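Engineer: Residues per chain are reported as follows:
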Amino acid sequence: MSLLQVSGVTRRFGGVIAVNNASLRVPEGAIVGLIGPNGAGKTTLFGIISGFVTPSAGSVSWDGADITGLPPHRRAQAGIARTFQIVQPFAGLSVVENIAVGAYLRHPARADATRIATDIGTRLGLGPWLDRPAAALTVAGRKRLELARALATGPRLLLLDEVLAGLNPSEIRDIIPLIQAIRAEGVTILMIEHVMQAVMNLCEQLYVLAEGRMIAEGNPVTVCADPRVIEAYLGHGAAARMQSHA
Amino acid sequence: MNKPTLAPVAVLLVVLAVVPAFAANTTINFLVSALIVTLAAQGWNLLGGFCGPFSFGHAAFFGTGAYVTAVLQSRYGVNAWAGFAAGIAAGAVVGGAIGWLSFRAGLRGSYFALITLAFAEVFRIVANAVPLTGGATGLLLKLDVRPANFQFASRAAFAWIALGCVVAVLALSIAIARSRLGAQFAAVRENEDAARALGIDVLATKLRAICLSGAVTAAAGGLYAQYFLYLDANIAYGSWISVEALLAVIVGGIGTPAGPLFGALALHALGEATKLFAGAITGIDLVLFGLILVGAIAFAPAGIAGSLHSLSARWRR
Amino acid sequence: MYTPSIIAEAVVNGLLTGAVYALVALGLTLVYGVLHIINFAHGALLTCAMFAVWALSDGLGLNVYLTIPPLAVLFLCLGYGLQRWVIGPASHGDDGNTLLVTLGLSIAIENGLLAAFHADTRTLSGDAAFDVVELGPMLLSRPRLIGFGVAVLVAVLLWALLAGTDAGKAIRAVAKEKMGASLAGIDVRHIYALTFGLGCACLAVAAGLLMPTFYVNPRVGNAFVLVAFTIVVLGGMGSVPGALLGGLLIGVVESLGGLFLGESLGQAGIFVLFILVLLLRPAGLFGARA
Ligand SMILES: Nc1ncnc2c1ncn2[C@@H]1O[C@H](COP(=O)(O)OP(=O)(O)OP(=O)(O)O)[C@@H](O)[C@H]1O
Ligand SMILES: [Mg+2]
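Each protein sequence line maps, in turn, to chains B, Z and G. As numbered in numbering that gives the first Met the number 0, residues 0 to 245 make up the first sequence, in order. As numbered in numbering that gives the first Met the number 0, residues 0 to 316 make up the second sequence, in order. As numbered in numbering that gives the first Met the number 0, residues 0 to 289 make up the third sequence, in order.
So here's chain B without its partners, still in its complex pose (with noise of 0.2 Å):
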C-alpha cells in the first residue's frame, strides 16, 4: 500500500485550471521526484496534499485514510511535511528558534525541542548561524532552514519544493547526500525539482505534470525519454526533430 495516494485531484483559479484530474502515489521509503515546465500546477499539487489548496475535485489519502478535508496542522501533525517553494522564514526569530517550533510538534519541552533543533540544524549546516536572526540569512541558508524546519517535525514524508533552486554546483553537491541521508532513516519523500542532475541522482520514480495534467510517470530515464515530456519541455513538435537529428 502506498503511504500517499492522490486520486484525480482539479483546482481552479478563477479561469485558470492550475491541477486537472492529477494522480499519484507515493510507497513508502521512497524517492519521488515531480517535475514539469514552470507554471505546470506542481506547488499547487503540493498545496493541495499539504492542505494548503482545498482541491475542487479529487481525493487525496494518507496512509489508507481520506485526509481531503483536513486542515494543514493536522496535516503535519500526521507526519505530512513541507518547504516553500518562496521561504517562509520566521523572520524575527532566531535560526534556532526557527527550527525549535518544528521540534516542538512531538516534544513538548523546552529542552528537548532546542536540543533537537541545535542537532538538525547543525546537520544541515546552519550550525554557525544558529544564535543569528533567520532575516541574516543568504537564500541558499533559507533554503536550508526550510529544509531543517520541516526535519524537524519528525514527519514521515517531506515534500521538498525546488530546495535546490538558488544554490550553486557546490552548494548542490553538498546537499544531494544530506537528502539520501535523510531517506535512509526512513523518510519518504517526494520532490519537486528543476535541477536534473538531482532529480536523475536522487529519484527512483518520477512524475511529469504538464498544464495541469499527469503526462508521464516511471523511473527517470524512460521517462526523460518520453516525447511527450519533451514536448513539453521544449514546445510543439520538438520531439520529432530530436528524432530527426538523431
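Source of the hints: derived by calculation from the structure; they are not laboratory data. Some hints here could point you the wrong way.
[Unchecked claim] Going by beta-carbon spacing under 7 Å, a handful of chain Z positions derived as facing chain G: (1) Val77; (2) Leu100; (3) Ser109; (4) Leu113; (5) Ile114; (6) Glu120; (7) Ile124; (8) Val201; (9) Leu202; (10) Ile280; (11) Thr281; (12) Ile283; (13) Leu290; (14) Ile296; (15) Ala297; (16) Ala301.
[To be verified] Rough simulated footprint, nothing fancy, chain B against chain Z, three-plus residues with beta-carbon under 8 Å: (17) 168-182; (18) 186-199.
Predicted, not measured: the structure shown is a model, and the values here were computed from it. The beta carbon of each residue, even a glycine, is placed where N, CA and C say it ideally should be.
Here the structure of chain B is known, so what remains is to put chains Z and G with the ligands in place on it, guided by the hints.
Structural biologist: This is chains Z and G with the ligands only, laid out in the frame that chain B set:
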C-alpha cells in the same frame, strides 16, 4: 527573558515592594495607578506582543473585569474576592468570544484593530445605557473596609496586592516565552502559513492568546474597581485604557515580558512630570503621550527593554 | 406615529448627512487605496478642520462657505507634510507601525485641541441651523442641502482629477503597482504625500459643510471617524464609488435608527453594523476586493 534585562527588573521590583511601606498616599496612588496600567498592558502584550494581533479595544476586557467585579458585589452580594475571580474569568470569556468571531472571519492587522475598537465602543454605549451598570451615573461600591472584602485600611496593602498581580503575570509571561506555547505564539506572529505547515493550529493558538490576554487585562479592571470603588462607562470601557495598555507596551518593549512594567512606569512618571510643569492645562500630558508613541516607533522600536538589552550587551563587550 | 412623510423626511435627511459622511470617508478610502494604510488620525484632523472653520467664521466673521477654499489648500499642504516628513519616515514602511503612528498623532492632536480650546462644545453663532427650505411636504435644512450639493461636487471633481490629470494617473499607477510606478520614474513618496494631502483637503471641505448644522469639541472627530471606517469597510476598502454609496447608506441607516431606536442606541447601531460587515463581508457590501 533576556538575561541582561533580568537584573534591572529585579532591582525595580524590590524598589516597588519597599516604597509603599514608607511613601505618602499620593505616591501610593501614583504607584497603584501605574501598576493597574502595567497589568492591563501585560494583558495587551500577551496578545499583541507575543502572538501578533494588535488590539485597539482592550477596554472591552478592562471594563468587563471591572463591572463583573463590582456588579456581582453590589447587586448580588457576592464576596469581593469571588467577584474579582469571576471578573477575570469573564475577561477570558469575552476575549474568547471576540477572538472566535474575528479570527474565524480571518480579520488581521488593521481590521482586527478596528473591530476590537468597535466592540469596546458598543460595550461602552451599552454600559452607559442599561440600569445593571448604573447607566450614566455610574456605580459606587459600598465602603466596607475588611480584607475579606478586598478593601484595606492601608493603601500600601493594596499596592502590594497590585504588585503581586504584576509579578505573577510577569512570571507567567517569562514561563510562556520559554515554553512551547510561547514558540507557537511567536510562530503565528511571524508567519501564519509557516506555522500551519509545522503543525500549529493557528486559530486555537490565537484564541489561547486572546483568552489569556483578556483575563489579565480584566484583572486590571477588577483591581481598579476595588481601589477606586467607583466606575462609569467612560472609565471602564473608555478608550483611555485601550491606548495606555498599548502605549505602555510599545514604549516599554513589545513582546518582552518586562516591557509593560517599564513602559507603564515611565509613562506615568512622565505624565506626572508634565502635570507638574504644565500645571492645570488638561490634555497636555496626553499630547506628550501621543508624540512619545510616534517618537518611540520612529526612533526606538525595541522600547526600553530593547534599549537596556543592547546597552548592557555593549557594556559587556 | 411614523407617517410616510416623516419616514421620507428621515430618509432624505439621512441622504443629505450621508453625502458629507461620504466626503469624510472619501479621504480615508483614498489614502487606504493608494498607501494601503489606515489613517487613524483622520478623525482628529477633521476636528482640527472644524475648529479652523469655527475660528475663521466666528472669530473673523468670514462667511462659513468662504472658509472652505483656503482651508482646503491649507489642509492639502498640512497632509502632504505630515505624510512626507512624519508618518512616512516614522513608520519605516511597516503597516502596523503606521497604524500606531497615526494613533499617536490622533492622541496628540485631539488633546492639543483640548488644551487649547477646553472641552466645551461650540457651534457657529447665527441661525443657519434653522434655515429651512420647503420641498413638497418636507422641510429640509438649507445648509444640509448645500452640503449635499458641494459634497457630491467634490466627489465628482476628485474622480475627474484621478481620471484626467497627470497627477491623478500617477496616483492610480502607484495604487496599482508601487514597484512598477517607481521604476517608471514616479516619485512614490511624493505621490503618497499628495494623496494624503488630498484626503486631508476632503476633510477641510467636509468641516466647512458640517459646521453650520453641527457642533465642534475636541472629541467630535472620534464619532465621525468610526462612521467613516464603517463606510469605508461597507464600500470596500479603497473604492471611491463604494465610499459614496456607503456614505449615503450609513446616513439613511443612522437617520432611521435614530427615529426608531432613539439617539444613544442608534449610535451603537452603527458600531454593530460595522462589526457585522467586518465579520460577514470584509470585502465590502459592493464587492470590491479588500
Ligand atoms: N493562489 C492562486 N491564485 C491564482 N492563480 C494561481 C494561484 N496559485 C497558482 N496559480 C496559477 O496556477 C498555475 C500553476 O501554478 P504553480 O505555482 O502550481 O506552478 P508550478 O508548477 O509550481 O510553477 P513553478 O515551476 O514556476 O514553481 C499558474 O498559472 C499560476 O499562475
Ligand atoms: Mg512552484
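Engineer: Would you mind marking each hint as holding or not holding in the structure?
Structural biologist: Each hint tested on the structure:
The restraint placing Val77 (chain Z) at the interface with chain G is violated, with a minimum CB-CB distance near 28 Å, outside the 7 Å limit. Annotation: Leu100 (chain Z) was flagged as interfacial toward chain G, and the flag holds, the nearest CB pair being 6 Å apart, inside 7 Å. Below 7 Å, beta-carbon pairs count as interface contacts, and Ser109 (chain Z) has one with chain G at about 4 Å; its hint therefore holds. With its C-beta approaching chain G no nearer than about 6 Å, Leu113 (chain Z) sits inside the 7 Å limit, and its interface hint holds.
Because the closest C-beta pair between Ile114 (chain Z) and chain G is about 5 Å apart, less than 7 Å, the hint holds. The criterion of a C-beta within 7 Å of any C-beta in chain G is met by Glu120 (chain Z), whose closest approach is roughly 5 Å, and the hint holds. Because the closest C-beta pair between Ile124 (chain Z) and chain G is about 4 Å apart, less than 7 Å, the hint holds. For Val201 (chain Z), the interface hint is violated, since its Cβ never comes within 7 Å of a Cβ in chain G; the closest pair sits about 17 Å apart.
Interface hint at Leu202 (chain Z): violated, since its Cβ lies 15 Å from the closest Cβ of chain G, which is beyond the 7 Å cut-off. Using the Cβ-Cβ criterion of 7 Å, the hint placing Ile280 (chain Z) at the interface with chain G is satisfied: the shortest such distance is roughly 5 Å. At about 6 Å, the closest approach between the beta carbon of Thr281 (chain Z) and any beta carbon in chain G falls short of 7 Å, and the interface hint on this residue holds. Look at Ile283 (chain Z): its Cβ gets to within about 5 Å of chain G, closer than 7 Å, so that hint holds up.
The beta carbon of Leu290 (chain Z) is positioned within 7 Å of a beta carbon in chain G (closest approach about 5 Å), and the interface hint is therefore held. Because the closest C-beta pair between Ile296 (chain Z) and chain G is about 5 Å apart, less than 7 Å, the hint holds. Hint on Ala297 (chain Z) holds. Least Cβ distance to chain G is approximately 4 Å, under the 7 Å limit. The restraint placing Ala301 (chain Z) at the interface with chain G is violated, with a minimum CB-CB distance near 12 Å, outside the 7 Å limit.
Judged by the Cβ-Cβ criterion of 8 Å, the region 168-182 of chain Z is covered by chain B as claimed, because 4 of its residues qualify and three suffice. Coverage of a stretch by a chain is defined here by at least three residues with a beta carbon nearer than 8 Å to that chain's beta carbons; for the region 186-199 of chain Z and chain B the count is 12, and the condition holds.
Checked against the numbered hints given earlier, this structure breaks hints 1, 8, 9, 16; the rest are met.
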